[in-house]
Amino acid sequence: MALDAPGLQSMLVPVYSPVEGSSVSWLSWPPYLSFSTSSPGLARQSVHYPARRQRLRQGASNSASALGPANFSDLAPFTFCPTFGETDELGQVYGSQALLKTRTHVGSSDRIRRVIRRAMAGLPITIGILGGSISSCHGLDATAAHPLGNPIGPNCYPHRIFTWLNDVFPHPANELTNGALRRTGTAYYGFCSAMHLPDRVDLVIVEFDTEDPKVKGLLYEEYLANPDKVSQSYFIDPVLANAKGHELLADTVISFLESEICTVWDEAALEADLAGLSPPVLGDASLMSGSQANTAPSLLGGKGLRKGSEPGAEGSDELKGNLGLSKTAKAGYSKVPAYRIHDKPHTLASFREIKPSCASANDLINPLPQSVFINSGWSPVAPKLDAEDERHYWFSEKPGSLIKIPLKVSGGDIAVYYQKGPKKEGWGTVKCWVDDNVNGAVEIPGFWDQDHAKPVISQVDRGVGKGSHYVVCELQGKPTDQAKFKIYGIFSS
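Sequential numbering of the sequence shown, starting at -19, is according to this note's numbering.
Watch out, some of these pointers could steer you wrong.
[Unchecked claim] Keeping only pairs whose Cα atoms sit at most 35 Å apart, straight-line, the calculated DSBU-like set for lysine-lysine is:
(1) K324 <-> K224
(2) K335 <-> K400
(3) K335 <-> K434
(4) K458 <-> K400
(5) K324 <-> K434
Calculated from the structure, these hints are not laboratory results.
Sequences and hints are given; from them, build the entire structure.
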């Protein structure tokens, strides 16, 4: 299926090459069109990064790329190990206590370490970024193609993290996809994240600081002591981060990944000592036995913990490689319970597995057919290149206009994702219902008393039967009234 030209700007996927002086390619997603431009390299912008990068490469060349036996009883070939040690530069810059505060919930880190083992085995890593204005680098590294900010600019944290990845685990097939959108939060990505990520992804980094509720972060105490200094040092304005702010974001993520790399190395050393085996070759894909060299589970691709899957089945979370966890360690895993966190005991019998569905105006691969808009009074609109809101949407300014949007339902909950704007700008109200349930229609106002516009989500029905349905939305008012409405998508659980 061809990709419409207006969608190319928002669906570009950067594919970096880790080789100095090589070209940087920009492939459209899906990869129908491509062009490349020469790059002077991927050196970091900060003063202390070039020296650190050289040390990382020296460590990598002494171990992984040489393909010699890796003796796990030796010290780790990474300059940042041990974590918070004398050679851990990020630990020395920020301090262990400050960095540990940034890790609100770590869990077992088993899936993160699985990705690290994949990288240690010499396999490529694919990273996806989901987020809002910060992750889309709003206000930073502007170019002619991205006048409001380049999502993969050299000062932005996605670029910094990917540069670090290629320093530590260089591979020509490493990839990064920045699927962030300005002014977009989890209300959207909870249903439509698949449209902004590759089909297979190893690591997904999410950031919704400016769109979702916040927690006290790394700069909280410093901000209390000197608000002006923090604002000038890390922010362009009260919302957007500058280059130093993006460096701070990248460093906190990199510090966590480096600590996990050290842990994986220590685990491998312990397993090798206990087994009395000759150390494996770091960088050899045979570390993942059988078909895992090509089909190693990704962060979102495993089935081992999912309902109905069998241990050891293809795509399960069980790994057989020498660097994987033992079967004894995995025996503590249990199946995912067949209910949701907020379910009550008397509702468990009616549980239905959730499979989020997204009928979004941003879907340029499978857009709504034109027949949906003919004589409906609604039309699909592509954002302008310099628009603050970079989402596609369905728009109407004719009261009485009616649009019918098809979608598939699994869990039974259905919601509308739309924009609320200032009342003085003439935003109107719609009524939405599912199928022919007109009596159950929900009225959704598209205005509020604030001076700015914001995307919001409202539920219009629940308990809808599994299968194909359609949602109808009608702009309210008389034909002579002035009213308009903007819908970004229809979602179902």
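- Message: Hint by hint, where does the structure go against what was stated? Just the numbers, ascending.
- Response: 1
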